[in-house]
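Participant: Going line by line, the protein sequences match chains A and B. Start counting the first sequence at 1; every next residue gets the next number (the numbering used here). Start counting the second sequence at 394; every next residue gets the next number (the numbering used here).
To be clear, the hints were calculated from the coordinates, so they are not data collected in a lab. Since the model is a prediction, treat every value here as computed from it, not as a measurement. The beta-carbon is built from N, C-alpha and C at its ideal position, and this holds for glycine as well. Keep in mind that a hint or two might mislead.
Claimed, not checked - In silico contact screen, one side only, chain A against chain B (beta carbon under 7 Å); selected entries:
1. Leu64
2. Val89
3. Ile114
4. Ile259
5. Gly265
6. Phe267
7. Gln276
8. Ala303
9. His322
10. Thr341
11. Ile352
12. Leu354
Said to hold, decoys possible - Where chain B lies over chain A, by a calculated footprint (3+ residues, C-beta under 8 Å):
13. 181-193
14. 308-317
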Amino acid sequence: MALDSLSRVNKHMSSDRGGFRQKVNVPVLVAWLCLLAYGSLVIWTASLTIAEASFTRQLVGIGLGAILAFLCWRSDFSGLAGMTTILLVVDLIVLFSPYIPGLSYNAKGMTGWIKIPLIGLTFQPVELAKIITIFFMASLGAQYNGRIDSVREYAKLCGMLAIPFGAAVVAGDLGSGLVVFFSGACIIMMSGPKKEWGLCTIALLVGAVSLLLALDSVLDSMLGKDVLLKQYQMNRLLVFINPESDTSQSGYNLLQSMIAVGSGGFFGKGIGNASQSGAGFLPEAHTDFIFALLSEVFGFAGALVLLAFFALLIFGTIRIAHQSDSLFLQLACIGIVGMWTFQLLEEVGMCIGLMPITGIPLPFISFGSSSMLMQCAAFGIVQSIWRSRGKAR
Amino acid sequence: MDAQLIVIIAGVILVVAIIGSLLFLKGYSGKFTFDTANGTRPRATEGEGSTSGTKSNGRFKLLTAGVGAVFAAIIAKLWSMQMVSADHYDKLAEQNQTRTVTTPAPRGRILDRNGEAIVDNRASLALVAYRDLAENTVVVRHLANVLGMPYMAVLRNIQDNTEGAQSPHTIASDVRRSTIAYVVEHIDQFPGVSVAERTERSYPNGTLACHVVGYTGTVTQEQLDAQENLSDEVRAGSIDYQSGDIVGQAGVEYYYESLLQGIRGEQTVKVDADGNVTGQAGAVPAKAGSDIKLTIDLKIQRACEEGLKLGMEVAEQTGYEPTCGACVCMDCTNGEILGLASAPTFDPSVFVGGVSSDTWNELNDDEGDHPLLNRVIGGLYMSASTIKPFTSLAGMEYGVYTADMSSNCTGWWTGLGEAWGKKCWLETGHGTRNLETGIRDSCDVVFYDLGKNFFYSEKNPEGLQEMYRRWGLGAKTGIDLPSEAEGRVPDSAWKEEYRKDWSADQRAWNAGDMTNIAIGQGDILVTPLQMATAYCGLAMGGVEWTPHVLLSAVARDGEGDAYTYEPKKRLTAEISTAGALDVAYRGVHSMIYEESAVTAAHFTNLPVQVAGKSGTGEKDGEDPYGWFIAYAPFDDPKYVVCAMLERGGFGSTCAMPAVRTVLGALYDSPDDAAYTAGDSTR
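Next up, chain B with everything else stripped away, as it sits in the complex (with noise of 0.2 Å):
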């Protein structure tokens, strides 16, 4: 407030201070006496005499200086509340007066390594209405007849603030064209309903790499609960998410949420004080979410898929009835998930403007095959006989079971007393079978074996254990999914503290369970995607990256990556025992090409050397679980191929087909033998 203001203000105040004093003074200076005699109606000379002028005068002097106060109070605090405060009032009536409205941004694609979509927007027509259509129920009404949704539905989302209140409420979205075409053409039967664009999320390729993306879903209310627990800090540098947006919920929409969510836009309304929106006052414009590049490789992707299939339908032939299974293809020289399948599939788009609660439940059903799980990273297995490769590395590391060593199959094994006897898988014994031959022939007995040498050790009672997790197995990898299942590897203090209720005995590790895990039966469990770790490991001499599937953001200008995924080594496993790894090699390559004719025959028609493993895990009451893990090319590894079938029968039947056709896609190969129920390996 400058000077001049002051100088105005003082000078009419000082005007109407001397209007009042002037018109009053003026008074005075008549010759103004109250005579009684003349100055009132006759009743009034009842009076008892006359009142002095000046007793007047003083009363009037009084009124004049009471009216004055009046003034004076009013200018004052005029003076305080406009001159003074005025700011702090104008921001108050702006506040009044403006609401922000904002408006959603479009999540960031999710691209395959090549940049073909797997998750694209599209844009999808919604019917939007403000608040006050809740009052016309004629309206609504008909508005209900024509979305063929129920009454109260409409009436629901039509008074649903989740939006703001001053936004137009979604009465319904990805509205046929048809209905909008109707409603647009009959819009004064609908007064207050209009069309609105939005994004949604799409899936051309429909449930292709869907455990890989993931889905998206409304923000719950533990979210929003969890982010107000933040501190400040953390909060400023993360997006600030309000009841009804859309985030990530699972894979790598949830993984990924900070790079694919954009930032909301902002438009500032003027509105009425009764909410009505009357103007615009002011927008910021919503910046979409970064496109993000997946190490994924669609046609990869695809034949794991379609390598699972393909195994099914083996493992029908052979009398299985697999529903469930999982594949996964890695790069072992930097730990990019190529493709990452997991059986059953299903349906992201079903979650795209909320899912139902009866497909929800089905999905979630317990009696169902848990098809929202990612089997790959959250299913937990026996790993069955692909683990021997790694039990011969420890007998080799401790000295137990050195590569000179070897055993006298016949197919029952009764190292632990007759009473104890175990089955090889081939009832009719292999014969003398040392490490090479029995990762080759999967002999049970050379494990057995090793697995009792082990239990007996003295210096090394656990080192069998020791070996399996310096492979980085019974711990999560590190992959940028959500819901990594950990694993186990069993030793004597798991059992203690796992089996508390059984008595001393009981609960005491003993050489069965030695015997029981060297097979990688038992109690050992892995996820797929551990074991294809460990071979990524064994194929590059002990060297684990981290799996990953992203490969970089891309910049919100589309110009450019923004953010590249530098590879992480998870470990390294050092193996000092010399030759033991070659042992090891030398397994797993014989068992492609010379345990059996009708396994070599599948990998011969190959361009490159393949070595690999197959595993058959056995549950009791249930079909067997088959394995099966390559890595090619044997001689400089790159890819790691792993399958996995639930309750698919032997893993050299049902879960190398999956592997084949992965790998068949890798080096453009196609397997041209038949798939019969051979007599390989299990």
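For reference, chain A alone in the conformation it holds in the complex (with noise of 0.2 Å):
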């Protein structure tokens, strides 16, 4: 089917280039191939060391990826809009299956996997759960017409995106649950509230955060146990601070990644001669480290690079959204923007010493076919937006 499908692309394009370029953005389809193609080259760099970094299974990952990216594509999503409801159990059912029995699967000692019942692959669920909540946000959103003017209205919408983010975090994965939030902040910011909420909002959850620091600490000595952040969780929301500090798991890694990105130097020390990553110093490098073991071996030149293409993909999508005439898909776009931001800052961030650690994978580079489908999907989706702008005219 899928094959079939390509064939008819291909006469598609031939025949008609300028309606190639209707149906498909194509700097950010260049970006995506691009940030595959790199992707690739930093998972077969791994590879040769990292016993894991299976360079074939990453191509299988992308291989499926596109496949979902062409569905996606060629689907139309603006009848999302009206399924608020529906959108909001299906994220839930999403984030809590690996608490179904039958389904969830522990590997490693991690939890949030599941295992998909006769076909026997495994999956991160809370992939699929960031776009579903963008779906379910930007389905919100997009009842107010581009305009809040009521107080109530925003509160109600910013109480609605805690309930997914809630499910994130309580599902157990605190950095998930960020870029779910992260996303959908980005959708209430752009449905049209007045700017001074926004402000508000945040210097509200500056406050909470804080305030939630304190009391952990205060709480976890009061009751001498491991209270609202496990402790592990809070190690590495603080370590960013001073990493060469902390002797810890999360001050060790973070001090591992920094000096695997900072001795890559301009051009990095090449495919091969990259200590850090390649003799086991930096942990997870084929995953939450990624970015630390790009920039070991391809330098500053190579970070720059990976940046350019990631620029060229956000600032292009930013652009789908703005010319797109739903607004519910405008909403949506602006919602997959939030979310490769948000990886983005936080993969990048968290390996530099910018951003705390947690364990979120950069968006097409990362080891991993859970999260490269779903990021091809959102891929896909931001291409069938560019694809239906102008139709429901």
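Join the two chains into one complex using the hints; note that each chain is given alone, in its own frame.
Facilitator: Written out as structure tokens, the structure is:
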């Protein structure tokens, strides 16, 4: 079926180049292809020294992702605008699926995985939940027609975001929760609230987080057990403030990551010469710390190339959002922008000591098929939105 | 970082910024307005009205700016890390992946003056393994069985980090060839175990000269702590010891540690995050320590040790059972020690690879003979009659007993009153004796009178002690060996202090104390080396050279001497009284040839004339301590030989054979006269 569709696209492309440009946003497509190629190169580099980083598995993931992107591109998502409740329910089911007996799959002591029955594939449902949440929030935000005049409505919107965010955090993955939160927040901000409200919310959040951190240590010492934030989460949040003083595991990880990035220099150490990622000093070098590996091997130059691809992808997507006629699709597109931006900021930021350490994959680059499939789907959705512009008219 | 790079980077950042702004601005060029009527799905019509395009554009501007800020922050941080601080992180990365593994350097050898090895190095095979092996209990147990070691001992050795965590750890050193062969043949059963070559101390002559060379051992915690406390300047010039290093712990090994110790080699290895060695990064080869040449002549050394043995055998014939003794042969013209023997001996090889606590306890048992004690420099004894030449010199120098005076010996001396009568060793009495014949026959009565005269001397009541000290008695000789004892020349101040608990009357220096030390008894304590050095001075007319065992240090490359010991004058004892020294010389010369036919028989067969003096120390409740000191040739002295046997009986019986054996070795003239318990002097 996929082949059949592809051949149709080919026919389409050859017959009408102008039409192709109408249906496919070329800059974003180029950025996506470049990122996939670059990511493959990085994972191939990692696979030389890291046994778990299987290059072929990554290629399979890219292939499946491409098919999924194609399918998404061919689909029309505007129908989802009216399915707010269904989206929320599905979102929650997906988020809590690792707790469903028969689905849950625990490997290496990690939670948050499911094993799909019959096929036997393992999958991180939170990756899918990110996209469902984006549609959910977009369907909510679109109801206000681009202008929210009442604080109550704004608060309601924020409250709705708290549901998937809370679910993602409770399901055990703070990093993914933050991605959900950030993309949702972007959608809310673009839905037309007054700027002052947004600023107040940010101020409130900062205050609440500080209070939580303070309260956590107080409560922990008072009750004598780990409540609120888990200790390792606390460590991860605080370690980036001064990585060299911390001898704990998170401090070690961050220090090793920063050494890897810093020692890469301008042109990097080159493939096969990277001691930090190659000799195992850099933990999770093919997943959470993939940017550190990339920076060590390809240096500042390589990092800039990566950032340029992401800039092309994200700014291109913002443009697609801007040109979309449907408020719902526009907001969904903004959600995807928020997701990519935050994942880039968090993944790169934690490698270089800008952000607390959380386990988030770098879209299109990190090893792992769940992320690859869903990010490719997001790309497909963006292209679908581009394709559907003007249709509503 | 050159300007070209900055241009490239600035260009890239500019391109990123342009892409972003172009993509965004393109949106403005369109006639985009947000039309509520057409722009949203049916539900959106429930909204409260139209949104102005400008407002929406404002939000998009904000979003673009926000995303741009993220990129800017990342690039700024990357710039500071990869461009500005790259060297810092590079260094950290280098530290991460390299470890320094040290390779032990062989110690210098210890040679005798002719270049023959006293202490050598030999290659030994050790079984080594990395620390991870400890986790494999099956292999460790198997290994323990093969080596015949307790499982726990093997495990402890593997886990012991003193050699450095990344270095292979020694499981067993000096392993038998057959065991090594078995392990190598069945290496598949011993994964991670390998054979390493080491150098160990070896002693080709066994225990010979053990007290001179000493022994080695693992550096002690106290030594490491002492090193920590040294100033940086001192440390910079000396060897930096690490836990586990082998250092000299006694004798020459200890005293000349800085010459003998080599410089550790350093191997830089690459390691991965788990500490596994993945490759070599560079190596500084180990430098062997300097070989050193001693003044010891192994031929003379053997003679010293055999002489002691002979002396003991002779003593046994006369009913004594000596087990301990000392014998030293010095060159009185420069202080070189040609032979230095102390009995009993110990085997320095038991310290190689660590001495067992059983052996250590045995060597240090208070009930035993303390074989580790070097009795030549560390044993303290009454000098007995060997001191009489110096007593005579004191009498003449201070005029309390001149060469013209004489005493009548009846065998019982009552110079201090009948109640305080003292025996001469010859209870039948010598008759009239002066200083010269008093030395010859070792007549105690002459020296009792001399001591009494000193005691009652107004001007120099302690002139006798001064004379002893003038010849260096009661003071360290300064030999280049550790743990030299000081000895003691007692006087009234010493007694006052030493006998604090006694009543004032008792602790007062009395005539009896004086007459005692005049014949080398009582509270006087000397080492055999002190007496030998004093006799060197006597033979040389007052000049004493500091005794030493180091001749030279051989250059590390093995060509020539890097350092040669310059003989140092210890002291010059001036005797101003004319003819006084001649009295002493005639005394010690006639003692050999005239006092007793039995003694003379052992020396007339030598090609040179000898002078000497015997001595027999009396210790309450013990058999007598026998001394004999001689120098030769009489007219142009070169060698001094001193022997002392604890509980060996008369000196001229038990100690004389030792001295004669050494003289025989010096002049290639073995003694052909039989040793019998003769009627010789004490």
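Participant: Tell me the numbers of any earlier hints that the structure contravenes, in ascending order.
Facilitator: The structure conflicts with hints 1, 2, 3 and 6, although it agrees with all the remaining ones.
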